[in-house]
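S.K.: As a plain string of letters, each chain reads:
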Amino acid sequence: MKMKGLSCGQIARKVIWTVFKYIILCFMSFVALLPLVSCVVTAFKTPEEYRDTNVMTMPGSWLYFDNFKVAWERAHMGRAFLNSAIVLTAVLIGSILFSSMLAYVLNRFRFRGNRLIRNLFLIASMIPGVAMQVTVYQIMYRLHLINSLPGYIILLMGTDVISIYIFLQFFDNLPKSLDESAILDGCTYFGVYFKILLPLLKPAIVTCMILKGVSTYNEYYMASLYLQDKNVLGVVSTALRVFTGPIGNQYNYICAGVIITMLPALIVFIIFQKQIYSGLANGSVKE
Amino acid sequence: MKKANKTAAANKPTNFQHWIHSLRGQQTLVTITFLSVPLILFFVFTCLPFLNMVQFSFFDMRYIGERTFVGFQNYIDIFTRDDILQSLKLALYYLGASVIQLSLALFLATVLSFKTKLGSLFKGCIFFPYLLCGIAVGFIFKFFFTQGFVLDTVLSWVGFRPGTLPMWLRNTAINNFSLAGTSIWRYTGECMVLFIGAIMSVDPNLYEAAEIDGANGINKFFHIILPSIKTIVVLNVILSVSGSISAFEPPYVITGGSFGTATYFVLMDRIAHVNLKVGLASAMAVVLLLIIILITAVQKGIFYFFLDEDEKGMTYRERRASLRRKSAAAVAKGVENS
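Which chain is which? The protein sequence lines are A and B, in order.
Residue numbers for the first sequence follow this note's numbering, so the first one is 1 and each next one is one higher.
Residue numbers for the second sequence follow this note's numbering, so the first one is 1 and each next one is one higher.
Honestly, the hints are just simulated from the structure, not real lab data.
Be aware that a few hints might be false.
[What the hints assert, rightly or not] Non-contacting residues of chain B with respect to chain A, defined by C-beta distances greater than 10 Å in every case (computed): (1) 136; (2) 213; (3) 321; (4) 329; (5) 335.
[To be verified] Restraint-style ranges between C-beta atoms, simulated for each label pair: (6) B/210 x A/65: 52 to 58 Å; (7) A/16 x B/207: 17 to 23 Å; (8) A/200 x B/304: 30 to 36 Å; (9) B/217 x A/180: 50 to 56 Å; (10) B/36 x A/47: 35 to 41 Å; (11) B/210 x A/24: 22 to 28 Å; (12) A/278 x B/210: 23 to 29 Å; (13) A/270 x B/319: 48 to 54 Å; (14) B/210 x A/66: 57 to 63 Å; (15) A/186 x B/206: 49 to 55 Å; (16) B/217 x A/26: 24 to 30 Å; (17) B/207 x A/278: 19 to 25 Å.
By construction, the Cβ of each residue, glycine as well, lies at the ideal position given by its N, Cα and C atoms.
One chain only, chain B, in its complex shape:
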């Protein structure tokens, strides 16, 4: 580079050629070429929409035409409108579904990680629902839940009389349970496969050592498996919390959000495209983002304080506890010596 600088005054035309063949020049060339398209795409389809979203949330507007500045009115609306508050409550149903889903997945993964006859057949059957298209799942379950059809027939095999069974999708007391059940059906297999992957990476010698010490199955689960996969379990728990607020496809496809099943996103979509209140919908999106950021912050906090281990294998809590013990011992020694 120094040579190029010296000859700069005398040889302007070749300076650029010099530079472009130098290491630095090549690096810059590659950087710019490779980064250009992805960054442009990212900017247009992720950055710009996000900035627009924040901007729109302060207006009352449609997609085209005039707009009026309303300040924080949209945000106030979110917390006072009945339908929006109702949709937030629905997240609780899906949260409950996630709890069931994770426990089931954990149990099945533990069972299937060890030798089981027809293990891959069971794994395949339980996992397959994850690969299906959202709308296909919607139709399948519309068919499943219609009165007199599949679910009612199967229940009548075990003794329920057909006349007494409720309308699974219209009865506002239970239709959210039905939809949350769809979610469990769809995602338990995926969680299970993730957990199986994690459990497989546990050192098998640990099991043998534990057996020699007299551990039975339950001991092995709680003291060997669970601690080894805690990272991925906690990760999934956190993901499912933000996932339950974002629950969208089951209600959108199966009931269209009617009969009180409209979750937050379904409502947001309706407000934006049917009621044409783009400002309010943008405000809803911003509020959701804040909630997700909050949840992620909590997740990072949990990881940092409870789970991350440094070189000696101690977590933050353990480090603090051991520091306390050490200082107490030092004080005791000091008292002794003096």
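Chain A extracted, bound-state conformation:
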């Protein structure tokens, strides 16, 4: 902070502003973390502590993992994590592959339907997913894809418009001369795509993975609509549904369950913080 050469009034203003700044920041962080901290605190309490003590008092021991065990079993979390991992991997691979292929063709080749396809996708990006589910449900029903993991995966791959825009934007930045020199060297278009362009697309792929990964992991409405057999087909987001209903008041177990589902997100966030921030900023600039 530059203090020299400032009058008393200016120093006072700087100090007040700094104090104000940090108060607001601390308050906002407190508000952001309060609900989470209260969950963590509750998850470690024994049933007696939960019943008798006030919500915000610390648990007797931080090593009481019983609630977590109960939550894990009741919500079939092992199965849920496995299913989530399968869905996430399949959707990410499929989504990145198909979107980049689509973007490649739309960007590099001129053919009759090009403009039309781009505009169709533009219109499709304006439609909120939840609104479409009314009729998509019937289509899924006719195709017998309800209550099956592959069906859910196909659905998630088919309703993916953001990735296409990310890749389209990125392809604009890759010069066509790269393609042309490769073709002159005798490469086929397939070769150009797989050997040259795909490696160069890494930043866009990372952005895509983050955005699509977050939205797939967090997807609750479509998962609960189409994966109805909770015991076998639950994913992490629907696994917690088992806590609604008659045992809806045992918050020590519920909080333990919530913490378990939160952990992967927390770990990924701590490791990939910078990529998440830049990926979000890049992916949000829609045309």
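Fit chain B to the known structure of chain A by using the hints.
M.R.: Chain B alone, transformed into the frame defined by chain A:
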């Protein structure tokens, strides 16, 4: 290609082989291969549902079985049914929440874009709620708002007496405020990160130049930062308008839409799957789409008339104003000369 045409009559079998190895043939091959799967998926899961939606909205039907043609009756129902009208009014709560959210995000982004002690810690804390699963957020806040639990306890630390605090989720006067608050909690961090990204791209030399000219913090904000990021701010404003009508997860997960918290989408889901009135739900979806198209048209209009700048850096308004000035000057000159 000409060679292939000439030899077409004489050499039919190899014509296709010729073509497939030619440039045009290769291009077509790649186009078809790469486009097939995404386009099929897109058609089945986006185009077809949309067409069906428009079609269903004119019928009274369930998912399977008979259906009867009712014309525009569904649309009339939308504007006369109490619950649907109520759900549209709820969008206003979420709109207000978006205003608070954007202002907070803008303020925090400005503060955190410059050197702040523990800056990334604060950024991380405020952003983290965005990464949580919708249902996890729902349970967290169910726990938070239950009477006698977290919120009430914290308020009692600052002096509110526990007995006087309302039931946050049942009291119909305030439960929508509570749910809108959940939305603010969840998305302020994301907006903040977007704004930080935009503010970081402002040229730092501008700040130094402004300081030399005697600008203080507030001046710098309104005259340097705000104009540079106006595109992304307006974009977020427009997105949040359509987002408030589409508000779905907070009421769906926390209260299930009871006690008067059912927003438009929650109602649509209930009408489609519980009341089994697929036609009415489809009509609701079509109306929503029209609203969103309207909002997007307004957005494009705002961008074209107020914000888009051509090569000389002038917006449409400025161009018109300068044209007017020029023609006025020309008239004045003409008057002088004659």
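S.K.: Evaluate each hint against the coordinates.
M.R.: We went through each hint and held it up to the structure:
The beta carbon of residue 136 of chain B is not kept farther than 10 Å from every beta carbon of chain A, the shortest such distance being approximately 5 Å. Non-interface call for residue 213 of chain B relative to chain A: holds, since the shortest CB-CB distance, roughly 16 Å, exceeds 10 Å. The beta carbon of residue 321 of chain B sits about 28 Å from the closest Cβ of chain A, which is more than 10 Å, so the claim that it is off the interface holds. With a minimum CB-CB distance of about 38 Å to chain A, residue 329 of chain B clears the 10 Å threshold, and the non-interface call stands.
Every C-beta of chain A lies more than 10 Å from that of residue 335 of chain B, the closest at about 47 Å, which supports listing it as non-interface. Between residue 210 of chain B and residue 65 of chain A the beta carbons are some 56 Å apart, a value that agrees with the proposed interval 52 to 58 Å. The hint said 17 to 23 Å for the Cβ distance between residue 16 of chain A and residue 207 of chain B, and at roughly 21 Å that hint holds. For residue 200 of chain A and residue 304 of chain B, the Cβ-Cβ distance of about 34 Å falls inside the hinted range of 30 to 36 Å, so the restraint holds.
Separated by about 51 Å at the C-beta atoms, residue 217 of chain B and residue 180 of chain A satisfy the suggested range of 50 to 56 Å. Checked against the hint of 35 to 41 Å, the pair residue 36 of chain B and residue 47 of chain A fails, with Cβ atoms roughly 57 Å apart. Between residue 210 of chain B and residue 24 of chain A, the C-beta spacing of about 24 Å keeps the proposed range 22 to 28 Å intact. Separated by about 27 Å at the C-beta atoms, residue 278 of chain A and residue 210 of chain B satisfy the suggested range of 23 to 29 Å.
Checked against the given bound of 48 to 54 Å, the beta carbons of residue 270 of chain A and residue 319 of chain B, roughly 49 Å apart, stay inside it. In this structure the supplied range 57 to 63 Å holds for residue 210 of chain B paired with residue 66 of chain A, their Cβ-Cβ distance being about 60 Å. Taking 49 to 55 Å as the suggested C-beta distance range, the pair residue 186 of chain A and residue 206 of chain B conforms, at roughly 50 Å. For the pair residue 217 of chain B and residue 26 of chain A, the beta carbons lie near 20 Å from each other, so the given range of 24 to 30 Å is not met.
Checked against the given bound of 19 to 25 Å, the beta carbons of residue 207 of chain B and residue 278 of chain A, roughly 22 Å apart, stay inside it.
This entry does not satisfy hints 1, 10, 16, going by the numbered hints stated previously.
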